[in-house]
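Trainee: As given, the protein sequences belong to chains A and B, one line each in that order. Using this note's numbering, read the first sequence as starting at 1 and increasing by one per residue. Using this note's numbering, read the second sequence as starting at 438 and increasing by one per residue.
Among the hints, erroneous ones may be present.
Where chain A lies over chain B, by a calculated footprint (3+ residues, C-beta under 8 Å) [what the hints assert, rightly or not]:
no., segment
1, 552-562
2, 825-838
3, 858-872
These aren't lab readings, by the way, just hints derived from the structure by calculation. Backbone N, C-alpha and C define an ideal beta-carbon position, used for all residues, glycine too.
Number of protein chains: 2
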Amino acid sequence: MTEHKRSVGTEIGRPAEELIATAAAVKTASRQLALAPTDVKNRALLRIAAELRARASDILAANAHDCASAIRTAQQTGKDPLLDRLTLTEGRLENMARDTEAVAALQDPVGEEIERTVRPNGLIVTRRRVPLGVVGVVYESRPNVTSDVAVLCIKTGNGVLLRGGSDALETNTVVVSVIRDGLAAASLPPDAVALVGSSDRGLVEQLLGLREYLDVIIPRGGEGLIRFVIDHAKVPVIETGAGVCHTYVDRRADPGMALEVTYNAKVRRPTICNALDTLLVHRDLAPSWLPVMAARWVDAGVEIHADRSAAAILGTARIPHRAAVNDDWGREFLALVAAVKVVESLDEALQHIERHGSGHSEAIVTDDEVAARRFVAEVDAAAVYVNASTQFTDGGEFGLGAEVGISTQKMHARGPMGLRELTTYKWVVLGSGQTRP
Amino acid sequence: MTEHKRSVGTEIGRPAEELIATAAAVKTASRQLALAPTDVKNRALLRIAAELRARASDILAANAHDCASAIRTAQQTGKDPLLDRLTLTEGRLENMARDTEAVAALQDPVGEEIERTVRPNGLIVTRRRVPLGVVGVVYESRPNVTSDVAVLCIKTGNGVLLRGGSDALETNTVVVSVIRDGLAAASLPPDAVALVGSSDRGLVEQLLGLREYLDVIIPRGGEGLIRFVIDHAKVPVIETGAGVCHTYVDRRADPGMALEVTYNAKVRRPTICNALDTLLVHRDLAPSWLPVMAARWVDAGVEIHADRSAAAILGTARIPHRAAVNDDWGREFLALVAAVKVVESLDEALQHIERHGSGHSEAIVTDDEVAARRFVAEVDAAAVYVNASTQFTDGGEFGLGAEVGISTQKMHARGPMGLRELTTYKWVVLGSGQTRP
Numbered sequence: 001m002t003e004h005k006r007s008v009g010t011e012i013g014r015p016a017e018e019l020i021a022t023a024a025a026v027k028t029a030s031r032q033l034a035l036a037p038t039d040v041k042n043r044a045l046l047r048i049a050a051e052l053r054a055r056a057s058d059i060l061a062a063n064a065h066d067c068a069s070a071i072r073t074a075q076q077t078g079k080d081p082l083l084d085r086l087t088l089t090e091g092r093l094e095n096m097a098r099d100t101e102a103v104a105a106l107q108d109p110v111g112e113e114i115e116r117t118v119r120p121n122g123l124i125v126t127r128r129r130v131p132l133g134v135v136g137v138v139y140e141s142r143p144n145v146t147s148d149v150a151v152l153c154i155k156t157g158n159g160v161l162l163r164g165g166s167d168a169l170e171t172n173t174v175v176v177s178v179i180r181d182g183l184a185a186a187s188l189p190p191d192a193v194a195l196v197g198s199s200d201r202g203l204v205e206q207l208l209g210l211r212e213y214l215d216v217i218i219p220r221g222g223e224g225l226i227r228f229v230i231d232h233a234k235v236p237v238i239e240t241g242a243g244v245c246h247t248y249v250d251r252r253a254d255p256g257m258a259l260e261v262t263y264n265a266k267v268r269r270p271t272i273c274n275a276l277d278t279l280l281v282h283r284d285l286a287p288s289w290l291p292v293m294a295a296r297w298v299d300a301g302v303e304i305h306a307d308r309s310a311a312a313i314l315g316t317a318r319i320p321h322r323a324a325v326n327d328d329w330g331r332e333f334l335a336l337v338a339a340v341k342v343v344e345s346l347d348e349a350l351q352h353i354e355r356h357g358s359g360h361s362e363a364i365v366t367d368d369e370v371a372a373r374r375f376v377a378e379v380d381a382a383a384v385y386v387n388a389s390t391q392f393t394d395g396g397e398f399g400l401g402a403e404v405g406i407s408t409q410k411m412h413a414r415g416p417m418g419l420r421e422l423t424t425y426k427w428v429v430l431g432s433g434q435t436r437p
Numbered sequence: 438m439t440e441h442k443r444s445v446g447t448e449i450g451r452p453a454e455e456l457i458a459t460a461a462a463v464k465t466a467s468r469q470l471a472l473a474p475t476d477v478k479n480r481a482l483l484r485i486a487a488e489l490r491a492r493a494s495d496i497l498a499a500n501a502h503d504c505a506s507a508i509r510t511a512q513q514t515g516k517d518p519l520l521d522r523l524t525l526t527e528g529r530l531e532n533m534a535r536d537t538e539a540v541a542a543l544q545d546p547v548g549e550e551i552e553r554t555v556r557p558n559g560l561i562v563t564r565r566r567v568p569l570g571v572v573g574v575v576y577e578s579r580p581n582v583t584s585d586v587a588v589l590c591i592k593t594g595n596g597v598l599l600r601g602g603s604d605a606l607e608t609n610t611v612v613v614s615v616i617r618d619g620l621a622a623a624s625l626p627p628d629a630v631a632l633v634g635s636s637d638r639g640l641v642e643q644l645l646g647l648r649e650y651l652d653v654i655i656p657r658g659g660e661g662l663i664r665f666v667i668d669h670a671k672v673p674v675i676e677t678g679a680g681v682c683h684t685y686v687d688r689r690a691d692p693g694m695a696l697e698v699t700y701n702a703k704v705r706r707p708t709i710c711n712a713l714d715t716l717l718v719h720r721d722l723a724p725s726w727l728p729v730m731a732a733r734w735v736d737a738g739v740e741i742h743a744d745r746s747a748a749a750i751l752g753t754a755r756i757p758h759r760a761a762v763n764d765d766w767g768r769e770f771l772a773l774v775a776a777v778k779v780v781e782s783l784d785e786a787l788q789h790i791e792r793h794g795s796g797h798s799e800a801i802v803t804d805d806e807v808a809a810r811r812f813v814a815e816v817d818a819a820a821v822y823v824n825a826s827t828q829f830t831d832g833g834e835f836g837l838g839a840e841v842g843i844s845t846q847k848m849h850a851r852g853p854m855g856l857r858e859l860t861t862y863k864w865v866v867l868g869s870g871q872t873r874p
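Please build the complete structure, drawing on both the sequences and the hints.
Mentor: Structure follows, in structure tokens:
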């Protein structure tokens, strides 16, 4: 979030007025895009995919500039330039093009009639799915987010105002110009997708207040960014973010299954939000099972932070570990680190999750149907698992086809958000002269 | 909103800590309420209805105190005490009891399985409807909102933290104690419903920031209150509010139907958000139709603010009117006042609505199917009508059974919100040891 803490001051003209003019242009264009038939939107998407490939050298050259600047800045400031996230390769660019084609192939939710009732007075009351309008997306370095988000918004008939990381400005500028050209080639208004180039922090705050032009803001990035957006937004926000995920291995878990599920939940990709942070093990199973599990984790490079009971078991088995500190509970490690706690009961596990979970993804491993049913009913999280790895929390894995992000709030959308979550509805009421008594 | 502009300063103790303790108690209780079976929740509701009747004299006595204080304050400050909104009568109390019984009779949305898919790897991915958690409601004088909102929240398994107007504090205190007793009588946790008694403005701001305890805030009241909530909330808000509603009478409208619909949209209840504010008339129809319409309105006491073309027609017909000023377009009158404009075309009507509407309720009167289809597609509002009065925008009229409010935002819920709009969903994933490749 450091990018929000400096005011670059390289603006010329009046950036606030330019921002408003840009947002107004997106809104006007979004009204046209909202009415576009599915095949026209798909034509634009396929053109964008083709142009991402055709203009690969331009995009990669711009990205090379961005990376070089990031390295220079890093040398001056001694800060990690997050180069991996910033860097585009031919392979990553090809993925951006393929993802765009995949979205073109998905079903368009816009226009769907959700509900229809005929009232006693003859009024036909229907709900129809329509685009949200204009979506603001505030994100960090990764330039693939630019095409991901723009493509999902185009498919759902939404305008989008993008505010990417200033590190990736040159890359994003070229990618957005490719997208706008693709829209124009399909006779759709290019202004439906726009990039806010400035890295002026005050301008980002102003963007978050543009209630007249934006219908929703989606922040994508680290905790600092999300906090900043929540604190400053006047436009409704769909919060995405931190996952403090637990896996509870019940006294009646199948030990072999518990090993596979727990290993996968931590090790498959430790740096994503649905990765295991804390393992809770029932005390009846812990003495026999935990040393086997921990040894596997340690082989995979996992650092274990154990509570007193777990430490006693691991100590006896001579498995390397550290003593857990209070801050380990409820911490999202995003690394090969796991906290481990031995619990007395399902109730203790539920209480621990209630206190320390972030409402993202939580799992129980058990053969006891009663325990499974209680866990599912009582855990308040976007995704609750029985006998499966929390790493499945993902739009693709849940069958949504694409993912805009994973919501950690309860309003509008919860968990993985697909195309439908970029829409709202409109009540359409068809009458024949009805008046209300 | 004047109540938010003063800091009463009569607090003793540490109100901020008391607020947090209250919110924490609501959250804990809400977890239990979320798991309550429908029949238990209904038993509580029926008990509440019975107690509202049994304790009528207590409630009316408290209300008499509130009204007396409001009159004293009004004498001191010269301000309108909004006595009508504050006053409870036996009839109004009986309505509160009946509304409570009606909600008990509605279907419980909680627990409904919205979706179920079996993935190729055998994972069963379902979405289940669950309560939002804790709903914060910030409202003004009307004490019936207290029972309305609490009852809807109980039915949907939500805890609720109520912050009513300080004018109605004694009344609300008794009503909330009746509701809590009803919960206790059904063995449900009374703390699921709590009232924030303080009128300290800083405390309201703090309530709006209680992200740890509240899942959503619903403001109910005037524009000032809603603005205050949006400006200060860190918790997600469902905005309810202003309706600037247009009725467009097309060149191909049935003149008789247009008279009925337009008359009803303004006159039936002029003080509610779905009442007509601006009438747009196609120029082909205006010379013959507008004088008849305007004469009816004038007979009903409607004050007409006419644009130049409308004024010319009304002047010739000697129908009383004023010249419209710029501020009349986009103004919510909430009174027997209507702005009238003659438009050249459907396009001009659509542009006018886009510019001045508030996205609430908009109507076209026409026999032209093409015009109707364009109007429905292009007008961006919660409710769009063809050949019917905008006064139908209401949860009951749309078949929702009850209404929490009318949302004017696009996220989560749009237009009338019923019980379902007080819920969210949880992804429940049932596996047999699946790990993600």
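Trainee: For every hint, state whether the structure bears it out.
Mentor: Hint check results:
no., hint, verdict
1, 552-562, "holds (count 4)"
2, 825-838, "holds (count 8)"
3, 858-872, "holds (count 12)"
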